[in-house]
Amino acid sequence: MSPTAPPHPRPETESYLDALEKFAGRKFRHRSDIKVLLELSPSRETVFEEIVFYAKFISNAYAVLRRTGPAGEDTSRLSAEFQEKLGQSASLIRTILTDASSEVRTNFSDRFLAPSPDSLSRFLELLGELSWIKNYDNDKKRAR
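Each step along the sequence shown adds one to the number in numbering that gives the first Met the number 0, with nothing skipped, and position 8 is 7.
Read the hints as simulated data drawn from the structure, not as lab findings. For clarity, every value in this text was computed on a predicted model and none was experimentally measured. Treat the hints with caution; some may be incorrect.
Claimed, not checked - Derived pair list, reagent style DSS-like, types lysine-lysine, alpha-carbon separation capped at 27 Å:
#: 1; residue 1: 84; residue 2: 139
#: 2; residue 1: 21; residue 2: 55
#: 3; residue 1: 140; residue 2: 26
#: 4; residue 1: 55; residue 2: 139
#: 5; residue 1: 84; residue 2: 26
#: 6; residue 1: 140; residue 2: 21
#: 7; residue 1: 133; residue 2: 55
#: 8; residue 1: 84; residue 2: 140
#: 9; residue 1: 21; residue 2: 133
#: 10; residue 1: 26; residue 2: 55
#: 11; residue 1: 139; residue 2: 21
#: 12; residue 1: 55; residue 2: 84
#: 13; residue 1: 26; residue 2: 133
To be verified - Restraint ranges, calculated between C-beta atoms of paired labels, are given here:
#: 14; residue 1: 26; residue 2: 120; range: 15 to 21 Å
#: 15; residue 1: 86; residue 2: 142; range: 20 to 26 Å
#: 16; residue 1: 72; residue 2: 119; range: 22 to 28 Å
#: 17; residue 1: 139; residue 2: 79; range: 29 to 35 Å
#: 18; residue 1: 66; residue 2: 41; range: 33 to 39 Å
#: 19; residue 1: 72; residue 2: 100; range: 26 to 32 Å
Think of the CB as a built atom: it goes at the ideal place given N, C-alpha and C, for glycine as much as any other residue.
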């Protein structure tokens, strides 16, 4: 069992992730971490939906800030909101992980939530992959 493996793996999670990766057109680097969050989310579904919503905003804002830089007045507001949502996302992930084993919580904290440039980079990658859930779910709603 991997350090981020959820306590009760569900086969439908794997098929959902397969469909999500197919929709995104790529394999996710943090698939096992997304799986953990998905499998812990039924008890905290609204928290997970909020994480995914923020993930989409953060991914889009990060792309804009990288392109334009944080110097202008418009981008300074975006930068402040980006920082705020990043903190909220970290807090929400900690909330979902409340029901996880201490090993899983420590693994997530060390890899994604530690105050280091590498951790921030991994956290942004994870959020970028989580943002595909919002895109995928929206696409499925439109197809109905």
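Cross-check of the supplied hints:
Under the criterion of a C-alpha separation no larger than 27 Å, the hint pairing residue 84 with residue 139 is consistent with the structure, at around 26 Å. For the suggested pair residue 21 and residue 55, the alpha carbons sit about 18 Å apart, so the restraint of at most 27 Å is met. About 23 Å separates the Cα atoms of residue 140 and residue 26, which keeps this hinted pair within 27 Å; it holds. Restraint check: the Cα-Cα separation between residue 55 and residue 139 comes to about 16 Å, which is no more than 27 Å; the hinted pair holds.
Proximity of residue 84 to residue 26 is assessed by CA-CA distance (about 26 Å); at most 27 Å being required, the pair is judged to hold. Restraint check for residue 140 and residue 21: the C-alpha separation of about 17 Å stays at or below 27 Å, so the hint holds. Between the alpha carbons of residue 133 and residue 55 the distance comes to roughly 7 Å, so the proposed pair stays at or under 27 Å and holds. Of the supplied pair hints, the one linking residue 84 and residue 140 holds, its CA atoms being roughly 25 Å apart against a limit of 27 Å.
Distance hint between residue 21 and residue 133 is fulfilled; the C-alpha atoms sit about 14 Å from each other, no more than 27 Å. For the hint linking residue 26 to residue 55, the alpha-carbon distance of about 18 Å falls within 27 Å, and the restraint holds. Proximity of residue 139 to residue 21 is assessed by CA-CA distance (about 13 Å); at most 27 Å being required, the pair is judged to hold. Between residue 55 and residue 84, the direct Cα distance comes to roughly 10 Å. Compliance with the 27 Å bound is thereby established for this hinted pair.
For a cut-off of 27 Å, the pair hint linking residue 26 to residue 133 stands: about 17 Å separates their Cα positions. The hinted window of 15 to 21 Å between residue 26 and residue 120 holds, with their beta carbons roughly 18 Å apart. Checked against the given bound of 20 to 26 Å, the beta carbons of residue 86 and residue 142, roughly 34 Å apart, lie outside it. The hinted window of 22 to 28 Å between residue 72 and residue 119 holds, with their beta carbons roughly 25 Å apart.
At about 33 Å, the beta-carbon gap between residue 139 and residue 79 stays in the expected band of 29 to 35 Å. Distance hint check for residue 66 and residue 41: the Cβ-Cβ separation is about 37 Å, which falls inside the suggested range of 33 to 39 Å. With their beta carbons about 46 Å apart, residue 72 and residue 100 fall outside the hinted range of 26 to 32 Å.
Of the hints listed earlier, those the structure fails to meet are numbers 15 and 19, in rising order.
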